[in-house]
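K.L.:
Okay, here's what each chain looks like letter by letter:
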Amino acid sequence: MNWNPITLRQLKRFRSIRRGYYSLWIFGIMMFLAFSAEMWVNSRALMVYYSGQWYFPTYGDMIPGTVFGLDYSYETNYRELQKKFEKEKAGNWVLLPIAPYNAFETDLDATHFPPHPPSLEARHYLGTDSIGRDLLARLVYGFRVCILFSLMLLVINFSIGITVGCLMGYWGGAFDLIFQRVIEIWSSIPFLYVIMIISSMVVPNLTMLVLISVFFGWMGLTWYMRTLTYKEKARTYVLAAKALGAGNTRIILKHILPNSLSLIITFVPFSVAGGISSLTALDYLGFGLPAPTPSWGELLQQGTNNLHAPWIISSTVIALVVVLVTITFIGEAVREAFDPKMHTIFE
Amino acid sequence: MTAYFIRRLLLIIPTFLGITLLVFIITRFVPGGPVEKILAEARQMKMGHVSHGSANTPAQTSPLSPSQIEELKKFYGFDKPVLVSYWEWLKKIMVLDLGYSTRYYDPVWDIIRDKLPVSIYYGFATTVLTYLICIPLGIFKAIRHKTMMDSATSVVVLVGYALPGFIVAIVLFVWPAAQWDWFPLGGFMSNDFEDLPFWSQVWDLLHHSILPLIAYLVGSFATMTFLMKNTLMDNLAADYVRTALSKGLSFRQAVFRHAFRNSIIPLATHFGNNITLFLTGSFLIEKVFNIDGLGLLGFDSLVERDYPIVLGVLVISSILGLLGNILSDLCVALVDPRVSFE
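Taken in sequence, the protein lines are chains S and L. Throughout, our numbering is defined as the position within the first sequence, counted from one, plus 9. Throughout, our numbering is defined as the position within the second sequence, counted from one, plus 271.
Bear in mind the hints are in silico, worked out from the structure with no lab data behind them. One thing to keep in mind: the hints can contain errors.
If you want the ones that stay clear, here's a sample from chain S, every Cβ over 10 Å from chain L, calculated [stated by the list, open to error]: (1) Asn-13; (2) Thr-115; (3) Glu-130; (4) Gly-141; (5) Leu-176; (6) Pro-199; (7) Ser-209; (8) Val-247; (9) Gly-295; (10) Gly-312; (11) Thr-337.
Here are some chain L residues pointing at chain S (derived, C-beta under 7 Å) [claimed, not checked]: (12) Ile-284; (13) Ser-338; (14) Leu-408; (15) Val-430; (16) Pro-435; (17) Ile-441; (18) Gly-592.
Below, in silico cross-link-like pairs of lysine-lysine (DSBU-like), each with a Cα-Cα straight-line distance of 35 Å or less [to be verified]: (19) S:Lys-251 with S:Lys-263; (20) S:Lys-240 with S:Lys-21; (21) S:Lys-263 with S:Lys-242; (22) L:Lys-417 with S:Lys-21; (23) S:Lys-240 with S:Lys-98; (24) L:Lys-417 with S:Lys-240.
Don't be surprised by glycine CBs; every beta carbon is placed ideally from N, CA and C.
When you get a sec, could you build the whole thing from the sequences and use the hints?
P.N.:
If you want it as structure tokens, here you go:
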């Protein structure tokens, strides 16, 4: 593949901005860990060796307890199984993930009421939330939900924003005028407020919440795309392409869009950060995803309601700060690399 | 110029109609038809939210009573088509009648008026503080570009930029207020406020508002500071500053008499947006600190499905938002003689 020399230069400049480059690595690792979370935060064992046979319960169907010689047919409790095998010393063993809890099970302690403080012994490294679910598991799987939400939002918002903005700029005229008004009205609506109104009527799932957010948030990129297309359209290479007989579709797809790409990219990190914060805010208020879904906003709410359990708030806020700050650093670096405003410095 | 602003003011009307019609239709979107269905829906919605917490709101313990449903139905005219009931609602709005709260049976306007001072206090204080802090900091960073202090403040400002205000609010609420007990746990003033001597009242108010104000500030802070810094740097490198210097002006004079004036123009474009800060976007922080302002009112009425208040808050915040945009343009025109909206 032939890389455009300008793109190469932009990538090189991005690499040279240390803060953003390292942030990208950190964020990439976090994404990888979150999407492979079953391997290290899960109630299912990674590997079970039982009477000469290997089992890998992590991905795939649940394995009933009867398979391992237990007296129940619901899903095996691998933590119990591990203890049992250790006691029996029959050569069977269980390899548990580092944090052997999933995001939904409540681990109740007979002597104390949840929330339980962090404990290495119970392997609740960050403690539990107020109904005894493992905080680390909630955080990790909550991050996954957050990122999925943001990425879905990003893709749909950008597709609509770019298409509409491009057409407004390219066609101009009545289409432009009508959509200008529409966007004006749309963007004056207090976005979070209306989403709250809607989700107070219907309890949305992830896809629906994305669609509702898209419905009120697609305008972000449209203005920029519109002006950008206006600018590009007037440039000579577009005229040249037209003179050579290129059709509208070809001009937009092959000429205008690739040339606006570097501006679009600078909006990506900020859009991801925006998605994360708005989902967190909605969940915090109780208008986001339905109850058992692990979510950071819900953890924040639990934390502010349980001030005697500061570990809930600590872990959640630290996670949020790390994620949002790395994304912002990436965003600043991308902006500087792709859309440089070279500052003339007074000497 | 005047013609332009009159045109802009007139354009508020269709935009306002658009916003309210849209939200009106949305609130009417409750799965329509028989009252039973609405009731069932309301109950189901509540079930979904109970487990989300915030069990302190009374709506979640007491389901909507039939009389309330009846009230709602009458208010929206569910039996009539959307546009007809919208028109009826609009006719009342035009004489500033926002209807009655379905929860308190008080006029919506009275309820909103009670909460306004709190929101205005915070909006005003935030605006003033933002400008007071960001402009000097921006100037400082521009003049000391690429020094230690510049990079250090950049990181701080960027971190503030990355975090939404309500997250900062939660952090402040949990540690300085709850864990360390330095500040009161939310609220706007103490209960015995009336009985305190004057200076204690002032202190009480300040004591309650320091943390929320920090949270409010964090958001607008970064953008403003960088805007100030970057434009000032551009202006400092411009020829007219060099000319001024070569004519014998001191650097200080060149910065403050010439470059500075041109650098506040972009800041002026943000000025009107502060008006929206008085209301929208603040309900998260008001919720965290339990400040009894308009934001919290709007939120609570949403939870309690008090739609007349919901719509009332929306009316006020959207009008203010639209006025804010115009105000921004006006500010630009005032500071920048080159701008003419013709």
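K.L.:
Which hints, by number, does the structure contradict?
P.N.:
6, 7, 9, 10, 11, 12, 13, 14 and 23
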